[in-house]
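If you want the building blocks of each chain, they are given just below.
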Amino acid sequence: MSNAAPAITAPASTSPPPAPRPVRRLFFGLEDVFHEEVFFLILCVFIGIFSGLAVVCFRLAIDWMHLALLGPLPQTHSWRLFAVPAISGLVVAALVLHFFPAIRGSGVNQTKSALYIFNGYIPFRTAIGKFICAAIAIGSGQSLGPEDPSLQIGASIASALGRQLEISREKLRLMAPVGAAAGLAAAFNAPISAVLFVIEEVIGRWSAGILGSVVLAAVSSVVIVRSLLGSEPLFRIPITTFKRPSELIAYVVLGIAGGLASVAFAKSIGYLRPRLKALPRWTQYFQPAIAGLLVGLIGFLGFPQVMGAGYDSMDQAMHGQYAWKILAVLALLKIVATTLSFVSGTPGGMFAPALFVGAMLGGAVGDVERIFFTHLTGSTGTYVLVGMGVLFAGFLRAPMTSVFMVLEVSGNYEIIVPVIVANTFSYVVSRSLQGIPIFDLLTRQDGLILPSLEEDREETVLHVEDAMLPAPGTILSADDYVDANARRVQDSADTTFLVRMHPTGWNLITREQLQRMFREGKGELTLASVLPKQTLPSLYPDLSLDSALRYVNTYALIPVVNRADSRKLEGVVSRESVFRRYGGAQTVAGV
Amino acid sequence: MSWKLPRLVRRSATMILLVLTVAAAVAFAAVSHLVTRYTLNQQARGRKLYAVGLTAADSGHYDDAIAAFRAALTCDPTNSQYQLSLARALRDSNDPRRLDEAESYLIALWQRTPQDAAVNLALARVAAHRGSIEDATRYYHNAMYGVWNSDPDTNRNRARIELIQFLLKKGARAQADSELIALSTSLPPDPDEQLQAARLFEQAQDYGGALARYEEVIRIAPLNTEAMAEAGDTAYRSGNYETAQRFLRAAVNSNPEDLTSRQLLASADLILKANPFGGHISDAERNRRIDAAFAQAEERLTACAAHTGIDLKAAAPSAGNSPISPLPILQARWLAAKPDLDRLRSPAETDLPDAIMDVVFQIEQQTATVCGSPQGLDEALLLISQKREASSQ
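These protein sequence lines map, in sequence, to chains B and H. No gaps in the numbering here: position 372 of the first sequence is 519 in our numbering, and each next residue is one more. No gaps in the numbering here: position 141 of the second sequence is 155 in our numbering, and each next residue is one more.
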């Protein structure tokens with residue numbers, strides 16, 4: 148564990164930290180400057196640039212597809228609404244089955260698989276396939292979003308670049324998440340949320356190096372997108388207000404409703420997806436088409452808002468354009484439409500649909516609450532914004548990202564308290580009713596066992612104090628003479644004794660060693676003069692128990708000291724005590 | 015991917031960075047070109063949709079206009095003109111739920127160009143729709159002092175006129191008055207604008223200000239019969255009958271078919287002829303008018319009593335008997351004042367004309383309450399009494 152390092156004094160046997168490796172060969176002289184760490188950070192900027200450019204093209208492609216296939220003016224009751232997604236579904240199915248089999252689904256899991264299973268390898272054709280098929284699918288009106296595909300396109304570009312440059316395997320593994328952050332940041336135009344999502348859901352750990360590389364990639368991709376497409380936000384944010392703390396109850400209700408909707412959404416996908424996948428292969432040619440037909444029929448029957456990513460509709464909901472009944476119906480229909488599109492294997496993301504469902508649900512709940520409690524001051528726009536975060540927290544199970552995403556999209560910190568409260572309730576409700584987060588569920592359905600970062604977060608971590616034994620009764624002093632110390636240990640039942648060194652540090656000595664020294668005539672020497680200078684590593688009680696594993700085979704006892712006073716002994720750990728604690732934990736966990 | 019970078023490139027960090035920089039620059043240029051072409055294409059599409067929206071908005075089909083403007087904005091999301099037009103269509107669609115969205119567009123525009131008068135005017139109208147005097151006044155003022163693309167003076171005056179109309183509608187007379195004063199100093203010598211301002215003054219019940227504006231219109235356009243008639247009407251309603259007579263006569267002479275002005279002129283003539291307190295008349299003429307008014311008052315009292323079924327003689331008030339109707343009391347007062355008529359000619363009785371006419375005015379006012387609005391000389395006497403009361407206050 149990285150946080151154990153400062154507490155531990157490295158023993159003599161530990162090899163020195165490896166020097167940063169210079170990149171391959173010198174050519175013009177700059178190589179002296181570019182160690183791999185620095186070079187990797189520079190590479191992240193380029194990953195951000197290339198991912199940003201790819202996402203710009205992807206967005207243009209979706210827009211162009213939408214205009215070409217559905218026309219600029221949405222017209223309900225037009226045959227195009229169901230014919231276009233159905234026919235496009237056939238085309239997408241053929242492309243996926245014959246040319247790009249790895250592009251089904253959202254892309255988040257594929258990126259995670261690349262990190263944990265495939266050493267950072269994502270084929271470049273995945274980026275090409277995802278680009279083409281997702282653009283056709285989303286542009287034709289399938290109820291999917293462009294963010295997850297953007298994430299996968301970014302990851303794929305990064306992986307390809309890393310392979311081209313033959314960087315180390317360790318760095319290559321990180322390339323995919325770095326590219327994912329760049330792609331997601333470009334798609335959302337929100338670098339903080341993208342960084343948090345990738346750290347929270349894909350990489351699962353923080354370090355200065357990882358954070359720096361992900362941030363650099365995300366920021367550079369957002370700069371590219373803004374320089375080419377402008378810095379217009381995804382939504383025009385209305386005036387949002389939060390005046391009275393008592394109104395938090397209204398947001399709690401929204402959080403609970405969002406949690407329930409998230410569970411319904413996740414369960415419907417989790418139930419239908421394996422069943423459709425289990426159908427004969429030939430049916431997979433028609434599944435996206437049938438999904439497109441059904442989604443199109445929803446649009447044809449008067450709800451074209453559910454087609455595509457739905458950002459325009461979210462924008463209108465934010466400005467109170469729909470009555471609460473319409474908002475509720477749209478939330479429900481979007482869950483149905485997205486479930487159909489997603490389980491059919493059509494490539495596309497779930498971020499935008501989750502935001503859509505949350506926005507509509509938030510608006511509906513807010514409006515209903517204000518009918519019964521007229522004193523509530525929050526506008527429809529406020530509830531819509533909070534609702535977006537609620538689904539993000541409950542459905543995608545990314546609580547931190549959900550909070551920052553709402554803040555970053557709205558640029559308004561006044562609603563931070565309602566957002567945190569509602570998201571927390573949504574997350575808790577969703578977690579209690581749906582044990583496995585949606586992304587983990589999907590990977591397990593695909594037969595992959597990836598580390599569940601949510602489970603990691605919730606896992607009970609054993610600490611040194613859990614295996615700590617009481618401080619031994621006899622502690623020798625390095626300033627005392629050997630003969631005096633030998634006399635002190637004579638009646639002790641222990642065979643190994645801790646020696647307190649001067650001015651700080653600890654050492655070990657056995658009864659035999661002491662007696663031998665005495666026999667060799669060193670009785671009038673101090674222990675400090677006869678013991679090796681190298682001191683024993685010490686641990687702190689709050690460190691992870693894993694940190695003790697490095698030393699238990701080398702040293703019979705390891706002192707556990709107080710952080711404020713390293714001479715003060717809190718206890719000791721031994722190999723037996725550590726293993727006994729792990730054994731106990733395993734027994735408790737039933738493993 | 016089977017293709018690999020050349021070995022020489024892969025082995026040198028400098029070469030790698032060089033190649034990546036060049037590749038990034040080339041890719042950026044290519045995508046930038048693509049975006050530019052796409053944007054131009056979209057802008058052309060947006061212009062077509064915008065034209066469709068404008069046509070729909072002009073013909074009052076706001077739902078179609080909104081859909082077209084929205085589509086135009088998806089083609090060209092940063093176009094201020096589209097945003098402004100969409101905001102206007104949303105505002106004018108008479109759907110209160112759409113005001114929020116309209117305001118949101120306008121606020122976004124305002125944040126970019128706070129000095130833009132058109133945006134401020136649109137925001138002012140949204141605030142006016144909401145009935146917010148404070149916001150509307152602020153945005154109208156911003157519009158007045160903002161930057162107009164064309165004809166700034168006219169547009170500023172129009173914005174102020176709109177603000178005054180809004181303030182009057184909301185009953186904010188004091189604020190409207192101050193805006194009217196500012197307006198009167200900035201109006202150009204344009205008959206239409208002066209006429210519009212005169213009507214606002216009249217709406218604000220500032221008849222003096224209104225007359226000044228009407229006179230300005232007539233000075234600029236001496237044959238403007240509309241201004242003459244309205245000036246006469248204003249003067250008549252403010253009790254300035256001499257002025258009313260002058261304007262109404264001019265209006266009737268210019269347009270003999272103007273029956274309203276003709277009727278008002280007849281009333282004004284009658285009032286001026288019946289008024290014993292009018293200027294430039296002799297004492298003898300004054301006494302004759304008082305005699306005539308006194309006699310008319312009795313006739314009106316008798317007719318009103320008959321109309322309501324009251325026998326004035328039987329209902330005469332006496333000690334311990336207080337009648338329900340005021341008419342017998344008025345008759346008692348009239349009878350008590352009758353002997354005073356003979357003393358009118360005495361130069362020593364300076365208060366007598368007022369005392370007698372007070373009785374007349376009381377009769378006209380009470381009978382108007384009991385029996386409804388009078389006609390002819392009774393109406394004239396009633397109006398004279400109201401003017402006397404107003405001037406004494």
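Since the hints were made in silico from the structure, they are not lab data. Don't be surprised by glycine CBs; every beta carbon is placed ideally from N, CA and C. Some hints here could point you the wrong way.
Under 10 Å between C-beta atoms, here's a sample of chain B residues computed to sit facing chain H [claimed, not checked]:
| no. | residue |
| --- | --- |
| 1 | I189 |
| 2 | G377 |
| 3 | A675 |
| 4 | V677 |
| 5 | P679 |
Okay, the hints, checked on the actual structure:
1. I189: With a minimum Cβ separation of about 7 Å from chain H (threshold 10 Å), the hint on B/I189 holds.
2. G377: 6 Å, holds
3. A675: 50 Å, violated
4. V677: Violated, about 52 Å.
5. P679: The hint is violated - B/P679 has no Cβ within 10 Å of chain H, the shortest such distance being about 44 Å.
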